[in-house]
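Enquirer: Listed below, chain by chain, are the residues.
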Amino acid sequence: MAAPTPTGNCVLLVDDNPELITLYIDAIPRISPFRVITAEDGAIGLERFYTTDPQPVCVVIDVRMPEMDGYQLVRALRGDPSSANTPLVILTAMAQERERFIGLASGADQYLTKPVTPTELVAAIQRALTLSAEERQRRLQELAETEEDPS
Amino acid sequence: MMQSLPSVATDTSWAKQNVLQNRLRLSRIIAPTIAAIGCLYFLAFNALLLLVPDARQATLFIVDGMILLTIVLLVAATLAAQRNAANLAAGLIVGAVGLTITALEISFAVAGVLDPLAFTGLGAFLVVIVLAGVLGEWTLVIAATVLSNLFTMGILLLVGNLSTEPGEHQRIISELVLLVPQSFLQQWLAAGILIAVSRMFLSTLQRLSDTQLAVERARKVDELKDQFITNVNHELRNPIMALIGYVDLLKVTARDTTVQERETFIAKAVRAGNSVRNLLDSILDVRRVDQGAANFTPAAVCVRAVFDEAIQLIDPRDGRVKERELHIDIPDDLAIWGDPVRLQQILTNLIDNAVKYSPESTPIEVKARLISEDAAAGKSRRQHKPAFTPLIEITVRDYGLGIPPSDIPLLFQRFIRLPRDLASKVIGNGLGLYLCRILTESMDGHIWVTSTGIGGQGSIFTLQLPASQQPQ
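Chains as they are written, first to last, in the numbering used here: chain A, 427 to 577; chain B, 1426 to 1897.
Because the hints were derived from the structure by calculation, they are not lab data. We put the beta carbon where it would ideally sit given N, CA and C, even for glycine. Everything hinted at is true.
Derived DEER-like restraints, expressed as beta-carbon distance ranges:
| # | chain 1 | residue 1 | chain 2 | residue 2 | range |
| --- | --- | --- | --- | --- | --- |
| 1 | A | Arg490 | B | Glu1734 | 36 to 42 Å |
| 2 | A | Thr478 | B | Glu1866 | 45 to 51 Å |
| 3 | A | Asp495 | B | Thr1787 | 34 to 40 Å |
Turn these sequences into a full structure, and let the hints steer you where they fit.
Expert: If you want it as structure tokens, here you go:
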């Protein structure tokens, strides 16, 4: 079940719902090799990401949060070179195609609609991890090009 | 921010207001214009008089006086129109124009022009009546018509008496018999038409206003429905995810967990399930209230009686309200004008919140009082009612953590729970206060909260509802 992980095996989960935070803490370490750290909003998530050593190998982000929302957090992480390559998984309660497009276009690697089981979540984290750095860069490049030319 | 739906009752005077505004606008234009013309005429008239000396100067001075009076009345009318006194301005203008016409007729008569052509000047009274119809209400039209009748009579009699030759006198009297009824008929016909037209216009405006309101309401309902669906979808997914998450966890780790761990997971799943149920119940409540907000028959409702019932209905899971220190100050004779079930729901919600969100050792105070007319005017900045409606004010005070002032505007919206409370053990679905607000507003009341946000000082929820005006 272990995917190739750079250093450490810590996953950061950012979600404002305390029931779900408890679920992540209970479930993920039991069904995967990952350890879990959590944050209840984007600003705290950013802080925890940078202050944790070794750095989390993946960040799971809920879209709707007070203070800094999920998309803003994704952009913040992508904007910083130390996190530009970190696999990111977006979690949202909105199931529209448009949201899917925005979710992917913002720079996240995987997009999930709540509710997802812990099993499905772990699978998505794995998929995000296996995306190579080169491919991620290519995707982000495409994204930047589409933004410049919105046709 | 949620907006409540526009209610039909508030806008029935829109049509009348619209008509009044139009009349004012016309008055503001007409009065100064005619006054200016009057001044010019006055100057010209007197200049001509100086050039043409005449034996009957006395009568001419009377005419002069009438024209001056006319000008004064029109200036007064302009001022009245500036001060939005539409009816006064209309009356002054009509009176002034009537005077002018009378003055003109007299000056014709005095100048010795007695041929039938002069009598066509009587048609000018129709102008007076039309002005009355355009600028004022039907009462002014009737008054103008009656006065026109009188002046017509007066002028004709005056003219009749002025003629010096007996034969002429006879001829004029016989003409009078024809002229008087004819003038009266013309004048009353004009009055009738004006009143009928103005009524038709008013009723059309009224229907337009009702239609506009209905369209606006339908649009808002559509918006609310959309928002509702979006919110429900969004709000349900989190607790459901917790529920199936724990079930999935139990399934996948069946062999690797201790009995105790499994029991914890099951308990958490159950808790999530209850959240969902709670949410569903409240959502249906909200939907029912949103749809039927105006549909109840208001009646006198005794506040104390409803309060006693509300206490009984507090969910014991949220805290033993009976074991809390309750300071109740509600006179038995206070009654609101509304619906008992709604008031009970509001009170249950407010007291429930007070019990949930404050420590068990702190008291909860519930007070009610009648606010009389004078106090109401200065009381609350949220007060949009005219100052003369007596209100019942109910306050629920707790000594818990209070509410950060920056969060207060959010509090009465749907699904809002403060971040602090989401993290706490308190179960809530963010709909209680929203419901309170919708129910309060459906009874024409207001609800708000004051809190410093400082722990221990708690919050005061204030509810104001129209007082019942019926004797108890």
